[in-house]
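Novice: Sequences and hints are given; from them, build the entire structure.
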Amino acid sequence: MDNRQKWIAFTTIVRREIHRFMRIWPQTLVPPVITIVLYFVIFGRLIGGRIGEMSGLPYIQFVAPGLIMMSVITNSYSNVVSSFYGSKFQRNIEELLVSPTPNWIILLGYVVGGMSRGLGVGALVTILSLYFADFSLHSLPITVGIVLMTSLMFSLAGLINAVFANSFDDISIIPTFVLTPLIYLGGVFYSIELLGEFWGSVSLINPILYMVNAFRYGMVGITDINIAWSFAMVGLFSTLLFFVALNLLEKGSRLRS
Amino acid sequence: MNGYYQLNKSTESALQISQLSKVYEDGFVALKGIDLNVQEGDFFALLGPNGAGKSTTIGIICSLVRKTEGSVTIFGHDIDADFSGAKQYVGVVPQEFNFNQFEKPVDILINQAGYFGIPANIAAERAQRFLVQLGLWDKAHVPSRTLSGGMKRRLMIARALMHDPKLLVLDEPTAGVDIELRRSMWEFLQEINKQGTTIILTTHYLEEAESLCRNVAIIDHGQIVQNTSIRELISQLNKETFILDTREQIIGCPQVEGYPLKQIDTNTLEVEVEKSQSINELFAALTNQGLHVVSMRNKTNRLEELFFDLVAKNLQEKGNG
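Residue numbers (the working numbering), protein chains in the order written: chain A, 1 to 257; chain B, 1 to 321.
Simulated from the structure, these hints should not be mistaken for lab results. All C-beta atoms in this analysis are idealised placements derived from N, C-alpha and C, irrespective of residue type, glycine included. A hint or two may mislead.
The calculated lysine-lysine pairs, modelled on DSS-like cross-linking and capped at a C-alpha distance of 27 Å, are [what the hints assert, rightly or not]: (1) Lys-262(B) - Lys-88(A); (2) Lys-251(A) - Lys-88(A); (3) Lys-166(B) - Lys-6(A); (4) Lys-88(A) - Lys-6(A); (5) Lys-139(B) - Lys-88(A); (6) Lys-239(B) - Lys-262(B); (7) Lys-104(B) - Lys-6(A); (8) Lys-104(B) - Lys-88(A); (9) Lys-194(B) - Lys-152(B); (10) Lys-275(B) - Lys-239(B); (11) Lys-104(B) - Lys-152(B); (12) Lys-251(A) - Lys-32(B); (13) Lys-152(B) - Lys-239(B); (14) Lys-262(B) - Lys-299(B).
If you anchor each label on the Cβ, the simulated ranges turn out as follows [unchecked claim]: (15) Ile-127(A) - Gly-176(B): 48 to 56 Å; (16) Thr-68(B) - Leu-236(A): 36 to 44 Å; (17) Ile-18(A) - Gln-195(B): 31 to 39 Å; (18) Ile-24(A) - Ala-120(B): 20 to 28 Å; (19) Val-144(A) - Gly-27(B): 51 to 59 Å.
Specialist: Structure representation (structure tokens):
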């Protein structure tokens with residue numbers, strides 16, 4: 001395959017992935033937006049007013065970046081895990097496996113499809129958040145950079161989960177028992193300063209903490225974590241996951257007999 | 001219908017398999033070092049009972065199954081050295097439906113072309129051509145889950161042809177398809193074979209292999225037990241069993257020396273005729289006894305008889321071994 005053919009294969013996968021989640025938009029786009037709006041109403045308006053300030057910011061301004069990041073993470077992950085596992089389940093992944101499309105193009109196609117949904121839902125939530133809170137963007141490059149890297153990382157993780165999954169139950173185990181606790185304990189709703197020295201240190205092993213803080217810094221200019229360290233961690237995890245996912249596709253694990 | 005078209009003069013191998021073996025993770029030995037050579041332009045049948053190794057062989061050719069040992073070369077491209085190049089030449093129609101049931105047929109075809117690097121405008125044109133040729137154009141924009149079984153099979157054939165492969169591999173393409181549709185699929189496959197596409201077919205309908213294919217390999221227990229032309233194979237038949245329909249009612253089974261006759265019902269006889277015998281002699285003898293034969297047919301497909309003989313022989317050899 002020459003580079004032009006590879007580009008066509010890549011755009012075909014991305015277009016198909018975007019078409020997939022747009023076709024079922026009541027399942028893929030509406031629920032996360034409703035969920036996040038409820039968070040804004042309850043934690044921002046109703047409870048947030050009583051909490052007062054967090055790290056020197058009105059509570060709603062503090063939680064908004066975390067909620068946006070939460071929607072990006074969950075949607076990037078769930079798009080790839082459900083689409084790739086669905087292709088395995090219906091065996092239409094074989095359409096790609098019999099083609100000369102290189103594995104790294106297959107990987108990038110699915111990942112960019114997942115990022116499209118994650119960033120699309122993130123953009124919708126950001127627009128809605130403007131109704132609840134006022135923002136003045138602190139740093140556009142940091143905001144965009146960290147949200148892109150986070151979306152990339154969780155799309156890769158979603159694909160790895162899908163490769164190992166043997167049933168639809170297996171694609172909900174990680175989001176339910178790993179991803180959700182990590183998000184809730186990842187500094188979306190509170191500053192780790194509140195946890196004290198010990199639990200604050202324990203929180204540092206949670207990768208989502210780095211993403212949420214970097215994103216919050218990009219939007220409102222405050223963070224519990226060093227920004228350079230945040231980018232380094234997300235970059236490292238993304239690279240690691242990329243090579244793990246590529247290796248699984250190259251070996252054909254659970255895809256070829 | 002005549003399946004015996006002239007092979008291209010080219011002597012290039014479309015598929016060369018050498019000492020191919022496959023042992024699955026659970027220890028099951030599916031292929032035991034098979035050799036196979038399919039010439040360009042051929043219409044080739046790969047026959048065998050269930051579990052013989054047909055689908056494993058096809059799986060290896062199209063990269064869905066990893067081989068354990070041996071080599072596979074497709075139009076000169078070794079699948080180990082240049083898998084991407086080899087895949088460009090192969091179109092595959094699997095036994096099971098393996099497309100996204102929620103997508104529309106036209107999208108399935110255009111996407112498949114895209115995975116082979118074919119631009120969307122060319123893909124759209126080809127998709128329309130194949131959907132029309134295979135009688136699916138009016139279903140092009142409905143979810144593919146709503147198609148009938150026969151339509152789904154035709155959709156998979158169209159999908160396999162989207163990148164214009166030189167080698168088309170079909171794993172039981174007419175399984176579960178009604179007779180009329182099966183005939184129209186045969187005509188379509190014969191037409192694309194005439195146009196130069198090499199076709200490898202596995203089937204349980206041996207009549208299908210006899211009607212369509214020029215060459216055949218019979219595989220059993222992971223070994224090739226016969227690899228020859230259909231004509232050569234059929235010439236190995238020493239005797240055939242015919243069913244004869246008579247105009248007059250049969251009262252008591254007639255006796256003709258050298259021809260073991262068996263009465264099936266009031267107007268039907270069964271007879272075994274050896275290659276050296278003349279069927280005209282039998283007809284004359286029956287006419288003398290007041291029975292006129294109005295029609296005759298083979299009791300079973302000729303190839304079927306041979307196939308059972310070969311597989312039984314292979315089984316017996318294994319038992320003796």
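Novice: Each hint should be assessed against the structure and marked as holding or not.
Specialist: Hint by hint, here is what the structure shows:
1. Lys-262(B) - Lys-88(A): Outside the cut-off at roughly 55 Å; violated.
2. Lys-251(A) - Lys-88(A): Holds - the C-alpha atoms of Lys-88(A) and Lys-251(A) are around 15 Å apart, at most 27 Å.
3. Lys-166(B) - Lys-6(A): holds, 21 Å
4. Lys-88(A) - Lys-6(A): holds, 22 Å
5. Lys-139(B) - Lys-88(A): holds, 25 Å
6. Lys-239(B) - Lys-262(B): holds, 16 Å
7. Lys-104(B) - Lys-6(A): The hint holds at about 24 Å.
8. Lys-104(B) - Lys-88(A): holds, 18 Å
9. Lys-194(B) - Lys-152(B): Roughly 24 Å separates the two Cα atoms, so the pair holds.
10. Lys-275(B) - Lys-239(B): holds, 5 Å
11. Lys-104(B) - Lys-152(B): Holds - the C-alpha atoms of Lys-152(B) and Lys-104(B) are around 11 Å apart, at most 27 Å.
12. Lys-251(A) - Lys-32(B): Holds: Lys-251(A) and Lys-32(B) sit about 23 Å apart, inside 27 Å.
13. Lys-152(B) - Lys-239(B): violated, 40 Å
14. Lys-262(B) - Lys-299(B): holds, 12 Å
15. Ile-127(A) - Gly-176(B): 48 to 56 Å: holds, 51 Å
16. Thr-68(B) - Leu-236(A): 36 to 44 Å: Given a distance of about 38 Å, which is inside 36 to 44 Å, the answer is holds.
17. Ile-18(A) - Gln-195(B): 31 to 39 Å: For Gln-195(B) against Ile-18(A), whose Cβ atoms are near 36 Å apart, the range 31 to 39 Å holds.
18. Ile-24(A) - Ala-120(B): 20 to 28 Å: Between Ile-24(A) and Ala-120(B), where Cβ atoms are some 23 Å apart, the hint holds.
19. Val-144(A) - Gly-27(B): 51 to 59 Å: Given a distance of about 53 Å, which is inside 51 to 59 Å, the answer is holds.
Hints 1 and 13, counting from the list given before, are not met by this structure.
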